[in-house]
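Visitor: Using the hints, put the two chains back together into the complex; each one sits in its own frame.
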Amino acid sequence: MTIIQFVLLGAALFSIGLYGVLTRKNAVLVLASVELMLAAVNVNLVAFDVYLGDASHAGQIMTLFLIALAAAEVGIGIAIVLLVFRNRRSANIDELDVMRY
Amino acid sequence: MIDYHAILPEIILGVTVLAVLATDLVTREKYYGAIVGMVGLFAALVPIFTLGVCDDLAFCSGSLPRELFGGSYVVDQYSLVMKGLFIGAAFIAILLSVAYLQSDRFYEGEYYFLLLAALFGAVVMASSRDFITMIVGLELVSGPGFLLAGWRKADEKSNEAALKYFIIGVIAFALLVMGVSLLYGISGTQLFADLAVAPAAVVDEPVFLLGMLFVFLGFTFKISAVPFHVWTPDVYEGSPTPVTAWLSVGSKTAGFVGFLSVAYLAFPTHANLWGPLLWILAIASMTLGNLVAVKQTNIVRLLGYSSIAQAGFMLAPFGAAAAAGADLQQAFGATIIYLLIYAVMNLGAFGVVIAGGARVKSYELDDWAGMWRWAPGLTVLLAMFFMSLAGIPPLAGWFAKLAMFSATIGVGSWWGYSIAVIAALNSVVAFVYYSKVVKSTVFDNVPDHVDPEALSRIELAPTLTVALGVTTILVLFLGVFPGVIGNLSKFASEILAGTF
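Line order of the protein sequences matches chains A and B.
Mapping of the first sequence onto the numbering used here: residues 944 to 1044, in sequence order.
Mapping of the second sequence onto the numbering used here: residues 95 to 594, in sequence order.
Take these hints with a grain of salt, some might be off.
Result set (DMTMM-like, lysine to aspartate or glutamate): computed pairs, CA atoms no more than 25 Å apart in a straight line [as the list claims (entries may be wrong)]:
#, chain 1, residue 1, chain 2, residue 2
1, B, K389, B, D538
2, B, K251, A, E1038
3, B, K389, A, D1040
4, B, K247, B, D118
5, B, K247, A, D1040
6, B, K584, B, D421
7, B, K247, A, D1037
8, B, K251, A, D1037
9, A, K968, A, E978
10, B, K124, B, E204
11, B, K247, A, E1038
12, B, K389, B, D461
13, A, K968, B, E250
14, B, K455, A, D1040
15, A, K968, B, D249
16, B, K251, A, D1040
No wet-lab data here; the hints were simulated from the structure.
Okay, chain B solo, but in the shape it has when bound (with noise of 0.2 Å):
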């Protein structure tokens, strides 16, 4: 007996997906893809919502966890709050995309049948429970990433990005199914549930070490964490806009899913092992890519960039809990929270950029000097979003740097301090070319190709006004009133209570 209920947001994603493709046939007007998939990704919200409710109520049959497929397949708190995000991220990048892809010669029906099949595939990620299911949820996000890089046919830059991103995609691929066979191989169980519990015998073979390793390892590729960052920058410049928006929030934040699920569900009990790798790999990312950052001049390259160091401080406090083998329950949290408003500030400075770029045909940062002169409304939220990135009061960003360093430093040894110390570091040099960014609009003379004239009669399109004001408004709503992404960051941790 199938729960129904429980997978209603994947059968309604299915239909969408198929209906958006069945819509690319029957019409001229390609648009109505978007239309079509933006439909089907508020009714996948409404299951999602009533299941997130349904669990208080008497009335309900069923509560949260809701296994489903012998335990592969499981809908519980924190899958439901990262459904709710991808959906979101999804909805944001279709507004994004709109204008962008009747600017020029692209194809449209496809781009959103990709972009949904991705969304898809990294919905079923964040309540598959098994090695099998997680895979297929993986390549299902990838393999529509690899071709929406390389959507602008005719660029070297993006078939470049396509070709990049495939290569180091397929060999952190087969990394990771290495490490599974491998753990399949030592234990017998692809279930995170099973591996959790699999006995003292089986975890000290070295073969178990290995196959973890290499998981791990396979999954920095989707988060672009040190050591499989290097495909971030350039793909990011080269892809179009609104698929890199969706590449460093959709396609990141499924990596992490993947990342929190196989660390806390499958390896809890090893947690000292893989704490000290993950340590490393925060301090990797968040200091190379913030260094790097500060001699960007393409503002795209800049935010990829950004993307990596931001990637370290969500892994910071994950790591230094495990490493120093306190209470995971807090960590978990942070990286929640940090997801959760990442997704929102780094949406909002993608649509910025995609606004700006539609006007300058440019993403260097020397044609963008002066953007004040020609458009005084984007500058603004221009500034803002960077500041969120940066961690500036009162906007979102900075609730997640402090959920960030209270979790490190609530750690309580020198795994959390170090890293502590390292983290507020690396937000001096990530304020530095943030604020370089914000200066440079603000201030900087317009350069002489630019005609601030003919570029402030341009107007903004109708679907990235709405973008824009649903970021905006999140962005200083969630900096204001915190306690909404704190409760939900608490709801997700409830799966975790008792585990340890």
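Just chain A, with the same shape it has in the complex (with noise of 0.2 Å):
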């Protein structure tokens, strides 16, 4: 089995997430970026536990625990977007300059 295309793929995926985290304006569309770039992540992991032959399968058990990880952080997320939106009527993160240096 080759692993270079799996490597590849979670390389480009976390390479868009984290373009998409910092040039994107909306709150939520961040949001599903760093769902990208954490689907990223349970790529290469699942890759390399199926290449290794992980008789542990390490790899995968923390795909698991990282799903529901990223679960509750979308949901923290969320949560604190929709608290910005009712106070400011605007999800817009250029426009979070109250404190500044």
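Guide: Encoded structure:
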């Protein structure tokens, strides 16, 4: 089995996610980009687990944990975005400039 | 067969977390949650103490380190000391919170639940010896932190703090787990102990280095060191102040525990690689934190930049010893000493800030001018904690600084000497802004819009008095008898004996 295409897929997803986090202005899109980054990690872990033939399946176990953690994290993120939207009528993160330096 | 004695603190804390949630359901007096939580914290300290004492006694079964779950979860001297520190910090944080939460319309029951959940994550991190456990613990610390930062729901600053903290936090988390996946891919293991003995063919792969870099950068977020420090001042200023106290002590120490475990237990053989990285991060953090802090006008923001600078001081011995290939045990001990003392004095400083803020309703330094007129006792405590943070003897902070300097100079190469000189210059800069606050509160005139008569009549909440009393006694006691902390750190560094 070749590992290279899976690692490339993981790297591409991670980079796209990072690009999205850094450039998107809408907080919901930032959350979606973060999900991409975590999905990239899951792709990596599962691919490595199978490629290495890890008898303890540490990679896949970690993937399960990460799926749960990512879900919890997005739950928290959506709650915070809703809170910000309710007070400011906007989820644009460029407008978050009450506090500076 | 599970060693229940070893995980008794976690079991008690887990039950406490659920009990606090249940208390919130059945009572209208929400501060009962704090009482249940504090009882649980006391109960959890008992097995930590017995585990530590049991090590030397003949009739106790099992000695430290106690390994559970195939080496993923290890209870050793280091983890016991750190767990004790976390529980103490959470105890003070709850005491600081009670009066603050009752002063305005806050959700109280859930607050204690989240704070204790974060504590539980920190305690798990102290014992975790593989990446899966470490990451679950780390998220359990971070997640409640994001929510607590936004606890002032109607306040735009608090909203902003929560969102900024969250976004930077998840980027750092994604980076960290990406690093872990790369390390797993090249070495085939998640256990620190197995990574430490990975063969040279694995270690020399560039992917291994990339994974290590990602992991270290991910942890810099939690300890608020450069390059993931940007959130610190904003989140400190925007969050409710007791939450800031927890973030600056509990959450930051949890990050350091992760940092220390990963560096010393997973990558001890690659110290020549991560050493220079941490050396640079330490210098960047302390210089940037101190220089920007000088110009701050908000006292919480000032403590935020001071927290970045202190992270730099804590990393200094660590980076210098590793970069020079010197004995890591002394650097490890120095970092533990710094963490313990920093926790005490920073919680005390935040206690004073919360007590003062409850009176003037502002954290701007201008409004705090002439505090001596309306709260002489608090002003004395403020001066004491700030001078301790600056490292003036005989307060506890000087011993932390002493341990840091002797560990960096003890390295004995230019890595150590240069960072010691830079740290000394930084200490001078730090003294400038800490003493600026003290000078302003003691000598300056009270501004016109502040009425000292009315303010001096406001009484200090009893919980705050207890928190301030405990931290004051500790700062004075540890400054005069630093041997206690020295012994604790020696006890904690025992796990490194024979590793290098």
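Visitor: Run every hint past the structure and note whether it holds.
Guide: Hint check:
1. B:K389 / B:D538: Distance ~18 Å between K389 (chain B) and D538 (chain B) Cα, so the pair holds.
2. B:K251 / A:E1038: holds (12 Å)
3. B:K389 / A:D1040: holds (19 Å)
4. B:K247 / B:D118: holds (19 Å)
5. B:K247 / A:D1040: Distance of about 17 Å is within 25 Å: holds.
6. B:K584 / B:D421: With Cα atoms ~14 Å apart, K584 (chain B) and D421 (chain B) stay inside 25 Å; holds.
7. B:K247 / A:D1037: holds (20 Å)
8. B:K251 / A:D1037: holds (14 Å)
9. A:K968 / A:E978: holds (16 Å)
10. B:K124 / B:E204: holds (9 Å)
11. B:K247 / A:E1038: Given pair K247 (chain B), E1038 (chain A) holds - Cα atoms ~18 Å apart, limit 25 Å.
12. B:K389 / B:D461: holds (16 Å)
13. A:K968 / B:E250: Holds - the C-alpha atoms of E250 (chain B) and K968 (chain A) are around 18 Å apart, at most 25 Å.
14. B:K455 / A:D1040: Holds - the C-alpha atoms of D1040 (chain A) and K455 (chain B) are around 22 Å apart, at most 25 Å.
15. A:K968 / B:D249: With Cα atoms ~22 Å apart, K968 (chain A) and D249 (chain B) stay inside 25 Å; holds.
16. B:K251 / A:D1040: Distance ~9 Å between K251 (chain B) and D1040 (chain A) Cα, so the pair holds.
Checked against the numbered hints above, the structure breaks none of them.
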